[in-house]
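Here the protein sequences come in this chain order: A and B.
Taking our numbering, I'd label the letters of the first sequence as residues 1 to 382.
Taking our numbering, I'd label the letters of the second sequence as residues 1001 to 1156.
These are computed hints drawn from the structure, not numbers from a lab.
Positions of the beta carbon are idealized from the N, C-alpha and C atoms, including for glycine.
Don't take each hint at face value.
Chain A is faced by these chain B residues, among others (derived, beta-carbon under 7 Å) [to be verified]: (1) F1081; (2) E1122; (3) S1137; (4) D1138; (5) T1140.
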Amino acid sequence: MDSTNEENNKKKVNRKYIPDDISISILSKLPIKSLKRFSCVSKSWSLFLQNPNFISIFRNYFLSNSDPLDDDDVYLVFDWDAEQHEMMSFLSGERLQNVEYLAPPTVYDYYRFLFHSLGTAINGIVCIYINGVHEKAVLWNPTTTETYVVPSGLAELRQDGANCYIFHGFGYDPVADDYKIIQHVHFSLFGYPFSIEHKDNTFWEIYSLRTNSWTQLDFLMPTRHLRSVGTELYLNGMCHWWGKTPYEAYVVSFNLSNYEFFITPLDMHANFRFNLVVLNGSLAMISNVKNTTFYVISILGEIGVKESWIRLFEVDVMSCVNRPLTIGYKGNLFFLKKDGKAACFDLTTGVFEDIDSHRGGLIGQIIVYKKNLRPIGGINND
Amino acid sequence: MAAEKSSIKIITLIAADGSVFEVEPNIVKEMKTVQSYIDELDQNTVSIPLPNVFGNDLAMIIEYCKKHASEEETKEAKEEFDFEFVKRMKSDDKLRLLQAASYLNMESFLQFMAKAIAAEIENQSVEFVRDYFQIESDFTPEEEAELRKENEWAFK
């Protein structure tokens, strides 16, 4: 009796007729790789990625699936005050109304240059340097104000040419439990990057905090685009930057543990402007057709695979926007406006608003920062 | 009107196989399909037939709702419950419960089950997924080969 009942039940719930909305509720929770793989399941499944309704559900889930914020989650902002002095601060609160001023690290004796953070903060540590003026890089924990001056690279020991040094990334090697900096060095009589690179006049070097020394790499890889300053980033053991040729734009991803690198071409023409960002734990790209207010945000499913870019958002913002700064918590997209102030576009609600809490400085860089009391470490830490 | 509603003490749910469940009103709050019944009826006792949900499944859904409606349970205890709840289910159970959640219009339970199924099929093969959902491929072998080639990276 029981078994016939069971069989009857099975017949009534016929699994062959799973409606699309149920399939969508499941598939929208999959990573891109599985999603692409399952496009081979059936014709209707192969069409989901072209379905605006599916994309909308997928990106809503993608945005909602973030860790809750706590009091240690703030923004670290680099900007200028009215006298053109470097200012740094933590911003927090729903409308970024809470400002906590920070004293810049004392290792630099001048403040008339804008500091940059090389990529993102890692365990509370940022690597700051002055763009264009090749000075020492400094590791800095703004929570504890601890600083650590990174020694000069290998090239500076040589005196046989005009050297150009371009920092490409600051990151953490989880295998060696070590912080690392990757830098490109180019000797040139005419200045970077106009002379042709070859093995005799260019090399890459990598700094390890643990050994407090630079090591030369025995291979070359593509350098970053000159306009990419401030958009390089660190994610999951890799440093990422973008570069381009006249025909093609791409992301270079460098593994800090085994020193492998990958090139992922973008699925857009090189005529766009690009910003690399992290969106809820995924590598993402903000692209913008020059001189328009139209921005596309794509996330990358698999490093090295051009076909794994998925266009998630298409955003048309106001014409007062100069360029995107970064993506912050909860899908907040920050823009620099033409007046030098910042504005925020909420990807969830579509609301665009000025950040008026600020003291009127010109924003240079804004990065996601989690306060952390951990010492910078390293063997020569005194 | 509001006073009459609050006077409802017990809701009787009748599953497809005839089994009967008596629950308190706060348990069915998330079941929008049931809730709309209650709102329409002007009675103190309510008996609702659910011809698309079987007794075993309804028992599990009620167990889930009871746990989540409880104010005494901590967030951690509820998460622990969710984990065990999914763990003891077979693939068939999950899919049936997801369909029941859809029929009962239970948004958060539906998302919960969908997430559990997504976790189960993530990184599995196309064949596994077809078998799981009993989907027959409607591609010609050539079409499928072409599509697999296009998405080659996703099969590594």
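Note to self: Please list, smallest to largest, the hint numbers that this structure does not respect.
What the structure shows: 1 and 5
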